[in-house]
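In the UniProt record's numbering, the protein residues as written are 1 to 297.
Since the hints were made in silico from the structure, they are not lab data.
Ideal placement from N, C-alpha and C gives every residue a C-beta, glycine not left out.
Below are the DSSO-like pairs computed for lysine-lysine, each with C-alpha atoms no more than 30 Å apart in a straight line: (1) K16 x K246; (2) K17 x K32; (3) K247 x K121; (4) K176 x K216; (5) K259 x K216; (6) K223 x K183; (7) K43 x K139; (8) K215 x K228; (9) K32 x K43; (10) K216 x K200.
FRET-style restraints, in silico, Cβ to Cβ: (11) D206 x V96: 46 to 54 Å; (12) T260 x K223: 20 to 28 Å; (13) E244 x D29: 18 to 26 Å; (14) T260 x D67: 47 to 55 Å.
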Amino acid sequence: MPELPEVETIKNDLSKKIIDLEIKNVETDWPKLFKGPDFENHKKTIAGKKIIGVERRAKNLLIELSDNKTLLIHLKMTGHLLITDENIEIKHNKFVVDPNSPLSDPNNQFIHVVWHLTNNKKMAFSDLRKFGNISILDKEQLQEYLLRYGPEPLEDDFNYQKFACLLGKKKTGIKKFLMDQTKIAGIGNIYADEILFDAKIHPERDATDFSEEEKKALFDSIKKILKKAVELRGTSVSDFRDTEGKKGAYGDVRLVYRKTGENCPDSCDGKVKRIVVGGRGTHFCPKCQLNPPERSK
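Generate coordinates for the entire structure from the input sequences, incorporating the hints supplied.
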């Protein structure tokens with residue numbers, strides 16, 4: 001699933017490419033992606049609207065429209081947005097692109113929605129598993145929807161004091177805590193593993209049982225890893241591509257995620273191990289990231 005760095009990458013790209021463009025029309029071959037209103041009403045509502053801003057909140061893209069409404073897109077498991085002036089056609093009830101175009105990467109071939117913009121631009125939604133969520137919300141609906149999310153970890157007002165207060169409230173595993181969108185917005189499976197390795201904290205540790213030093217290390221790692229991933233335009237070890245259909249580069253420098261059996265990146269003679277935590281595949285170094293009971297053995 002695209003996480004904060006991937007969605008931030010798309011947001012930054014869209015901000016440079018679609019502001020002040022008008023939405024002329026929209027097509028789909030999978031109307032179930034439209035959660036409210038349905039596709040036919042979405043098409044009527046959005047036609048002729050100008051795009052005046054693009055924001056991100058948690059893992060949501062918020063495209064601000066000229067009528068005080070917001071086009072909200074949640075990419076879910078495998079979604080990404082492409083901006084192109086290439087020809088995209090529906091043939092046999094399926095979108096197809098020129099196999100020689102920049103969109104020829106197989107991960108860009110699962111296009112299910114195309115918004116036609118002015119200047120011959122198209123905004124296309126590619127989603128292999130078709131779990132994406134597309135809505136149009138007014139201001140009140142948007143405010144209510146966003147109330148469910150915790151603070152943004154890269155915002156300046158997300159400081160150590162706020163983090164430490166969140167951490168000590170309820171007994172829960174630390175990886176589950178990091179991925180809980182009501183606690184901190186935008187962190188998913190990839191960056192939870194990366195953050196915990198960087199902080200040298202075992203993914204099954206209790207979130208209420210950290211020393212002050214460990215809390216500070218974890219807070220610093222959240223900021224460090226997410227900033228680096230944004231700078232490198234996200235992780236593309238799976239489906240994610242940017243708005244030009246290109247891969248992000250964080251996967252090339254990642255620490256432990258999907259590196260089962262490889263040597264620990266900190267050269268501790270350990271090897272990356274995979275376990276399941278909260279139903280999610282979890283990668284860590286058992287020598288660097290000790291659980292307290294292991295220390296007493």
